[in-house]
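Colleague: Residue-level listing of the chains:
There are 6 protein chains.
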Amino acid sequence: MFHSLLIISLLFSLCNAAVQDFCVADLKGPQGPAGYSCKSAGVVTADDFVYSGLSGAGNISSLIKAAVTPAFVEQYPGVNGLGLSAARLDLAPGGVIPLHTHPGASELLLVTQGIIQAGFISSANAVYVKTLKKGDLMIFPQGLLHFQINGGGVTAVGFPIFSSPSPGLQILDFALFANDLSTDLVSKTTFLDPALIKKLKAVLGGSG
Amino acid sequence: MFHSLLIISLLFSLCNAAVQDFCVADLKGPQGPAGYSCKSAGVVTADDFVYSGLSGAGNISSLIKAAVTPAFVEQYPGVNGLGLSAARLDLAPGGVIPLHTHPGASELLLVTQGIIQAGFISSANAVYVKTLKKGDLMIFPQGLLHFQINGGGVTAVGFPIFSSPSPGLQILDFALFANDLSTDLVSKTTFLDPALIKKLKAVLGGSG
Amino acid sequence: MFHSLLIISLLFSLCNAAVQDFCVADLKGPQGPAGYSCKSAGVVTADDFVYSGLSGAGNISSLIKAAVTPAFVEQYPGVNGLGLSAARLDLAPGGVIPLHTHPGASELLLVTQGIIQAGFISSANAVYVKTLKKGDLMIFPQGLLHFQINGGGVTAVGFPIFSSPSPGLQILDFALFANDLSTDLVSKTTFLDPALIKKLKAVLGGSG
Amino acid sequence: MFHSLLIISLLFSLCNAAVQDFCVADLKGPQGPAGYSCKSAGVVTADDFVYSGLSGAGNISSLIKAAVTPAFVEQYPGVNGLGLSAARLDLAPGGVIPLHTHPGASELLLVTQGIIQAGFISSANAVYVKTLKKGDLMIFPQGLLHFQINGGGVTAVGFPIFSSPSPGLQILDFALFANDLSTDLVSKTTFLDPALIKKLKAVLGGSG
Amino acid sequence: MFHSLLIISLLFSLCNAAVQDFCVADLKGPQGPAGYSCKSAGVVTADDFVYSGLSGAGNISSLIKAAVTPAFVEQYPGVNGLGLSAARLDLAPGGVIPLHTHPGASELLLVTQGIIQAGFISSANAVYVKTLKKGDLMIFPQGLLHFQINGGGVTAVGFPIFSSPSPGLQILDFALFANDLSTDLVSKTTFLDPALIKKLKAVLGGSG
Amino acid sequence: MFHSLLIISLLFSLCNAAVQDFCVADLKGPQGPAGYSCKSAGVVTADDFVYSGLSGAGNISSLIKAAVTPAFVEQYPGVNGLGLSAARLDLAPGGVIPLHTHPGASELLLVTQGIIQAGFISSANAVYVKTLKKGDLMIFPQGLLHFQINGGGVTAVGFPIFSSPSPGLQILDFALFANDLSTDLVSKTTFLDPALIKKLKAVLGGSG
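Protein chains in written order, with the working numbering: chain A, 6 to 213; chain B, 6 to 213; chain C, 6 to 213; chain D, 6 to 213; chain E, 6 to 213; chain F, 6 to 213.
Note that these hints are calculated values from the structure, not bench results.
Fair warning: this is a prediction, and the values are worked out from it, not measured in the lab.
Hints are supplied without guarantee of correctness; some may be wrong.
Copies of the same chain look alike in the list, so a pair counts if it works inside one copy or between any two.
Claimed, not checked - In silico PhoX-like cross-links for lysine-lysine, where the CA-CA straight-line distance does not exceed 25 Å: (1) K204 <-> K70; (2) K33 <-> K203; (3) K135 <-> K203; (4) K204 <-> K138; (5) K70 <-> K139; (6) K203 <-> K139.
Here chain A stands alone, though its shape is the one from the complex:
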């Protein structure tokens, strides 16, 4: 069947080059601008490339009725260096993923259940809003404010995929009201009333 049955010697001459097809993150090793250090290839198994942590629904029993479950490089070390990561959105009826950005990645959202109304705002201050159904995709360009809302009567589920293993997540309300940025600075830089800011800080756990 083969022209030659004795090409085994080829195998050794061709394959003595160690290679780096992937770089499963060693979360305890040093991290650099391009990502985590690689686990030794010798201990990498198929399990390193698979992540099951998004298979179950997030906890949507909170009053905002929504959950975001990340599968970034810290949760899913196999994506290190490969330019991709993921998350899962669960949105009960009335659920909302509030305005947020991913400073380090664009996002491609796949809706797998229900109806999601989603939108983003561009640098030119244009608004792009659509109502998405099961199987629809929507792309959110890197770094822009966007949101997702349950747009139907049943629980909706979506899977955002990011163009980086470390997309980051900056939720506007938390950035404004859930840390120790002083009420004075928040007020000056948002023009919101200090009394309102203090009230929101109290709700969201911020101080100052």
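Using the hints provided, position chains B, C, D, E and F relative to the given structure of chain A.
Modeller: Then chains B, C, D, E and F, alone, in the frame of chain A:
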């Protein structure tokens, strides 16, 4: 509520910078190494960022019982320049996506229905195979041979997301047997028997 | 002085390779994900590499007492493809550059006059605030909310330099209140009161 | 001859910035997605930038009459981080480098002796084959299946240069038949007959 | 004011993803092609993002009447991985920054005081020279020979910003005459007279 | 031989995605920061990927006894967007490629005939010089001054491969003495004597 009610003048001084947050492909414009030319921002609408072509099942009535439906930049111009694209896999029971590579991207596969057995082979010739269930993710590093097989008794569905708007798709059987690469060259470079190659070329539509 | 006086022939054999050291933007040509088309090298002059539009103060007579003047690729075509652009901040006493992001670039701010208090908020919701004086540099990582405030009694001036010719600029108040994103959606995704949103939309020119 | 003889002080003020022009790989240090850790600059010598391992012919006495000798980053640490590496092909008359891909790099092949017939297959399933003579260059885009065959009566030599220090090398026959990917999976994903697969696995050292 | 006062649970579900917005250099950790290892996020403070080392004038009392003070990643670890760094030029009347290149970055020069005459030479051997005043910007494409000269009667100051944390700095006179590259090799590769080279080596501290 | 003989329908469902594996330059189309526009895939042939212009020796009859023949994207459009290009060096006995830089690429030099003495100078002003024989490789990091000299008694030949389709080429002597940069500016920025500069300008064809 605001410290000042008259900051409108700020709006104009701050916003007179045109910006390029995105670059929706003008599929008829010139294409370069980084992607397609951008549609004029003035005619971009929310529809450009949404793609519904993966919401329906692909045709799995063929004897291989599987379909791949792409949402690359040519189908989904909104992803141009944003480092992401997608596809949909439909696998009837017994269905197979045969061995293939994406020369231009890594792939993150999300299983949304059924059971998929998937695997890839590394440059070091190691094999990584896993059986995936609904909600599981598996990452396939760029350029490596991989496959997906229905691993259960019901139709399975998965959505691969790619780290490029133009991942490419090279299916091994078609590369070997469905074009005009001569039987002699296929035989010499695969060590397969010429008679077998001719038979497969006949099946898959190749010549030479 | 030279070992050989007749190396002129070398000049021609070595220099017949056209080269692309730079790509001054042709703002009227097609634009792609990597930037604008290049002006023909034959018409490029030293003027293309210089920009004087930031030499004068911006208009700080508005009530917010601040101005941002961009020198992005649209204003300064010479930076096209070179990974850099700039802007100028003028901050009268009490002046504020409100919370904003640059979706496409990190920013290195150089203070050239006065005192500027500046800060950013990370994805981990940590706050980094510093008071900067003349000659100080502060770096703001890509895509994170940040602000600048006059921190002294005299007009302050700073020059942000960006890691992209098209950094983008998304000002929070404008994104929320100066476009047609509906009051209902703003309220749902920020948890702010609809009445407040309507009031702010009226001030900032938004609708809906 | 100089306007000033006393500019030595300049030397010290200008040169106190450590710099990273290169990053010779420390093969024992941690590896990340962008490559290996750098050797300390203090111990780098000219030898680190030179590699002589390709100066001799590879062993072409095997029955396939060909050898590939890599100069990837593991063999040639000086290329770490510089976007280039190399290899040497030796092809006795009748010699063949079987179908393979480099998942991580494009390849520019320089023929330095004899005649090489080379070709690649695109994602669109087009075939590009040429017969190359001494001094010819051929480019193989990243990730695509390609091959090289001795096209003349004398030993041929070529030097592929890659656009990455770690191009990887996936040889089709070895990926299919020289590992433990089960005969059942190979058969299902290539449509080859199980009996044939078992025969080839026996020849090439595969199992399962 | 909020639709819900009890969204605190959201905070925890959304924020349990560690993120990498920045990577402040740990100058003692391993360095790779993409930069230095990151300091542990837990010990990063606002001080890491600010650099005050350029606020004072460099020493221009030397006979060349100029100083370059770098704020590269080694001096300013906060820029690691963020694609930016800076320097300060001080040019007394008659001061000169001699011909040099930055092998790893383009440069955007901001003039903040006085008059600077600056220029660069392209690969096509075209010369681009301009006289810059306070507030002017000039861009120098990566890797090209360029210079800055005080073009007025008073001390001039400028701030170059680079498109890399490690731009490098290769000063022509030092590269030719301030190291141990042999006089013979310098002469052969520049066509300058050996006697002249030896004289310049003596001035600039070179040997050989 | 196949499990199914009727998988042809698969062919069409899988292959309806146009793809961009390569982007052969249309030298008359618009050029952007990432390279030239792509030729229409329909007119691309195998010839586009092959370049024979380096197969013959360059003209080394000049008094410097050396020639550089480029195969950059302008000469070899098939490399557009693929991160590689090449050149050929011919060095008669005594031949010299004078000090030069490639502003846009690192260089990997392969010696194919004779002896070449080569070296480069780092930003830290260290000198790395080696004598290379046939089959040796030497890497020159991006943007650094380097040279090649015939180091033996017979004609030497080498092939530099670059990490960019447009590496650029800045030859020091030409940059200093073969253009219209004024003698005054050359003198001020190199500290060379104006009389010497004028003499060299006369030899090399410069003016001013």
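Colleague: Checked against the structure, which of the hints given earlier come out wrong?
Modeller: Per hint list: 2, 4, 6 violated.
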